[in-house]
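Full structure from sequences and hints, please.
Those letters in the sequence shown? Residues 256 to 588, per the numbering used here, in order.
These are computed hints drawn from the structure, not numbers from a lab.
As the structure is a computational prediction, the values presented were derived from the model and not from experiment.
Some hints could be false.
What the hints assert, rightly or not - Calculated lysine-lysine pairs in the PhoX-like style (CA-CA distance at most 25 angstroms, straight line):
{"hint": "1", "residue 1": "Lys284", "residue 2": "Lys311"}
{"hint": "2", "residue 1": "Lys269", "residue 2": "Lys518"}
{"hint": "3", "residue 1": "Lys312", "residue 2": "Lys284"}
{"hint": "4", "residue 1": "Lys518", "residue 2": "Lys500"}
{"hint": "5", "residue 1": "Lys518", "residue 2": "Lys348"}
{"hint": "6", "residue 1": "Lys284", "residue 2": "Lys269"}
{"hint": "7", "residue 1": "Lys269", "residue 2": "Lys473"}
{"hint": "8", "residue 1": "Lys348", "residue 2": "Lys311"}
{"hint": "9", "residue 1": "Lys348", "residue 2": "Lys312"}
To be verified - Label-pair ranges, simulated between beta-carbon atoms:
{"hint": "10", "residue 1": "Thr315", "residue 2": "Arg467", "range": "44 to 50 angstroms"}
{"hint": "11", "residue 1": "Arg551", "residue 2": "Ser404", "range": "43 to 49 angstroms"}
{"hint": "12", "residue 1": "Glu474", "residue 2": "Thr321", "range": "20 to 26 angstroms"}
Heads up, the beta-carbon is just placed ideally off N, CA and C, and yes, glycines get one too.
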Amino acid sequence: MMDVEGWISWLRRKKAPTTIYVYTAYMRKYIDFCEARRLDPERVESVDEWVGHMQKKGLTPATINTQFYAVASYFTYIGRGQEVLRVVRPSVKQRRIEIYQLDEAWRLIDLAGTNPHIKAILTLLLINGLRLGEALTLHIDDILQPNWSRPPSEWEPYTIEGTPCIYVTREKVREGIDFGLEPTQEEVIEAVRNTLRAREDLQGGAWRELKRSVNLPKEDRPHRWYLFYSPHSPRGYYDPSGVRKHLGRLCRILGIPYRSPHKLRHTRATHIIAETGDLAAAQQFLRHRSIATTMRYVHLAPQLLIKKIPKVERPEASGSEEKDINSGEEKEE
256 MMDVEGWISW LRRKKAPTTI YVYTAYMRKY IDFCEARRLD PERVESVDEW
306 VGHMQKKGLT PATINTQFYA VASYFTYIGR GQEVLRVVRP SVKQRRIEIY
356 QLDEAWRLID LAGTNPHIKA ILTLLLINGL RLGEALTLHI DDILQPNWSR
406 PPSEWEPYTI EGTPCIYVTR EKVREGIDFG LEPTQEEVIE AVRNTLRARE
456 DLQGGAWREL KRSVNLPKED RPHRWYLFYS PHSPRGYYDP SGVRKHLGRL
506 CRILGIPYRS PHKLRHTRAT HIIAETGDLA AAQQFLRHRS IATTMRYVHL
556 APQLLIKKIP KVERPEASGS EEKDINSGEE KEE
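Below, the structure written as structure tokens:
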């Protein structure tokens, strides 16, 4: 009998809510597949058969691998992670990273000003380099410190030495460093305040529900705690597909080729590397597991990065050395 509940609880310590939502959906598909064929879902051979089934259906290698890793996480949970990784899967070609130019990104954010929620989301993606799921699952008190004498839009930000900071739960990190206080900019704080002012559910003191549940674990809080709360979504926050549609519309208005919201994170990574030339700083800021992942961004700004690399200067030879060399050459002749 699969311990799905235990697996989900284990995921909550490692993954963001969006990732857990996707993983459980793929796990449901896998379990349905096994039940239809009377296979034991905890056997690696069943996973192998399922991968083969997806290939026959014509799913792309990227889709197959995404669904496989969701199920593989369960095998990691039960201590058989290395065993399931032996399942043969189609290889995924490394795609070239695409970005928005920095001026394009700011133009998109400015144009989104008529929708404060979308503007705040895009601002977080660009300035803090968040993944879309990380931004959408932020709680209000991840950005602003609760002050129950005022409405949330008037709460103050967290600061370190005068610099505003936010708490971020990162989706793809090693255990133990997935949550922390990260520096941000005033543009983020102002965009967040605007989106809170626009939320009708926080008008007239209705925000007091937040006070009653502030000490609960995040997964047990009312959905109203989500910064980008949506009463129409079963997850309680904005649907990622809606953000993509909004961004696509903004790109069409400005005549900019559409790239996914995640490309704003790539823009931020490229900007850090170009401005500092410090791959280690970029890796830490973006919470990459490996410096090799950060290295993928270097080719996007070679003309800027090369400014950070000192030239190899040829040392000037002294007169005596030149004389010795010349005299040696004369002797050889």
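Cross-check of the supplied hints:
no.	hint	result
1	Lys284 / Lys311	holds (16 angstroms)
2	Lys269 / Lys518	holds (24 angstroms)
3	Lys312 / Lys284	holds (14 angstroms)
4	Lys518 / Lys500	holds (15 angstroms)
5	Lys518 / Lys348	holds (18 angstroms)
6	Lys284 / Lys269	holds (22 angstroms)
7	Lys269 / Lys473	holds (14 angstroms)
8	Lys348 / Lys311	holds (19 angstroms)
9	Lys348 / Lys312	holds (20 angstroms)
10	Thr315 / Arg467: 44 to 50 angstroms	holds (46 angstroms)
11	Arg551 / Ser404: 43 to 49 angstroms	holds (47 angstroms)
12	Glu474 / Thr321: 20 to 26 angstroms	holds (23 angstroms)
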